[in-house]
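Visitor: To get this note's numbering, take the position in the sequence shown, counting from 1, and add 1354.
Where hints are given, some of them may not hold.
Each pair of labels, with its calculated beta carbon distance range [unchecked claim]:
(1) 1365 <-> 1683: 38 to 44 Å
(2) 1581 <-> 1501: 50 to 56 Å
(3) 1474 <-> 1645: 23 to 29 Å
(4) 1721 <-> 1525: 44 to 50 Å
(5) 1735 <-> 1763: 26 to 32 Å
(6) 1575 <-> 1469: 23 to 29 Å
(7) 1544 <-> 1564: 27 to 33 Å
(8) 1424 <-> 1729: 42 to 48 Å
(9) 1502 <-> 1564: 24 to 30 Å
(10) 1632 <-> 1502: 53 to 59 Å
By construction, these hints were calculated from the structure, which means they are not laboratory data.
Built from N, CA and C at the ideal position, the CB exists for glycine as well.
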Amino acid sequence: MEPAEFMEICAEAEEGRLERLRQLLARPDAASLRISGATLVSACCALGSEHALELAVASLPQQLNAVDSLGFPVLHGACERREGVGLLSRLLEAKALPEQLTADGRYRLGQTSTIYNEGGRTAFHVAATTGDAEIVQLLLKSGPGALDALDSFGNRPRDLAEEQMMLEPGKGHERVFELFGGSSTSLTAAEARARRKAREHELRRRVACQDEERCLQEKMVMEEALRAYQPLDAPLVSGEWPSWGDCASSLEERSPGVFLFQLLPSELCGRVWAEIEHYLQRAEEQQLPRPVRHDGCLDVSQIFPQMLRRISAAAGPALRKLAETPRLRHAFRTKNFPQRDEDFARHKDKYAVTLNVCLRRSEDLQGSRVFFFANDTDPPIYCHEHQVGLAVLHSSKEWHQTEECYQGERGSLILWYD
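Between the sequences and the hints, there should be enough to build the whole structure, so can you do that?
Guide: As structure tokens, then:
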């Protein structure tokens, strides 16, 4: 569901007009609906809509203690955002669990932003860093059982309140420290900064180790599962097809740092698209792995590595215009269509070089172009209109934004290189 429509429904609920919200919650797919990735309960909470939240929790109680995309339960997220006491009271009355723990983790927001969260934190730990005494008092009334709980770094809520008090004096943290049982401290601001910096360093190390172990396990599971996959086009999947000429000969720089060239024949693009669609169908039928990104796009780097190596080799001469020794790091298939639930924000990619080749474009397509910008505020300096087989190549320095698809369907294969 589009965020704007859901905001209207919640606004109506706050005015006592509950018809549309009740209709929404009565839908058979209500539990699976997402508002910019959030559950209905989490979205009501984020909007601060108490009446909508009450109805949503009553209809979808299983979402009350589910974690969001940042690894936070609804109550913990509300504490961090310093939502009103009325809304937090409703969560606690509905039996949200203050003692529920977060986990060490790294969470991607969009394509370029990464947030690291410390694990083992209760709602008390989260509230301890806000400087909001009202929130802390409300949690304490719900039961002080988690006051001495240790997070993944061995810190009690009081320890975090003490640290925050030294880092941000005069912002309410002194009162929070007292509420958690603190009286005096010998901690200095320099020591607090050093402690936090050490935690951040250790957290990144932990998460990197977890990621490495998870990737290894996922690779083993993927390799085993793919043995059961029967390709639609075996030569394509294995990367065994004839050469189709020198791609770099058609290379044009249309804007500073933005290059165009004909990479794939249209017939080959159709085969690649058909193979990916075939895999998605078989994945559903045979319970095969379906690795996806934060935006739901299929991660093809794990499924068709030989095919991608062949495409990368063909694009090599063009890639070397921007990277001396390009190394493929990630690849995914996009599929744009009207009402796709995705926020196409202006951004710069995290990897050094991006290769975007159009695989499919319906005849009735309107929109789904890519705009390039000199910075994050000025109007576009170049508009790229996708054509099947045509690749756009650019560096991580280039600001760009995908246009919404208004009609038809279009899809690309996007490859990222270091």
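Visitor: If you check the beta carbons of residue 1502 and residue 1564, does the distance land in 24 to 30 Å?
Guide: 26 Å, holds
Visitor: Regarding residue 1735 and residue 1763, is the given constraint of 26 to 32 Å on their beta-carbon distance met?
Guide: 27 Å, holds
Visitor: Do the beta carbons of residue 1544 and residue 1564 sit within 27 to 33 Å of each other?
Guide: 31 Å, holds
Visitor: Could you tell me whether the CB distance from residue 1581 to residue 1501 stays inside 50 to 56 Å?
Guide: Given range 50 to 56 Å: holds, Cβ gap about 52 Å.
Visitor: Is it true that residue 1721 and residue 1525 lie within 44 to 50 Å of each other by Cβ?
Guide: Holds - the Cβ-Cβ distance for residue 1721 and residue 1525, about 46 Å, lies within 44 to 50 Å.
Visitor: Mind checking the hinted window 23 to 29 Å against the Cβ distance between residue 1474 and residue 1645?
Guide: 28 Å, holds
Visitor: For the pair residue 1365 and residue 1683, does the Cβ-Cβ distance stay inside 38 to 44 Å?
Guide: Taking Cβ atoms as reference, residue 1365 and residue 1683 lie about 43 Å apart, which means the hint holds.
Visitor: Can you let me know if the beta-carbon spacing of residue 1632 and residue 1502 is within 53 to 59 Å?
Guide: Between residue 1632 and residue 1502, where Cβ atoms are some 55 Å apart, the hint holds.
Visitor: I want to verify a distance hint. Is the separation of the beta carbons of residue 1424 and residue 1729 within 42 to 48 Å?
Guide: 28 Å, violated
Visitor: Is the hinted range of 23 to 29 Å satisfied by the C-beta distance from residue 1575 to residue 1469?
Guide: 27 Å, holds
In this structure, only the earlier hint numbered 8 is contradicted, and the remaining ones agree with it.
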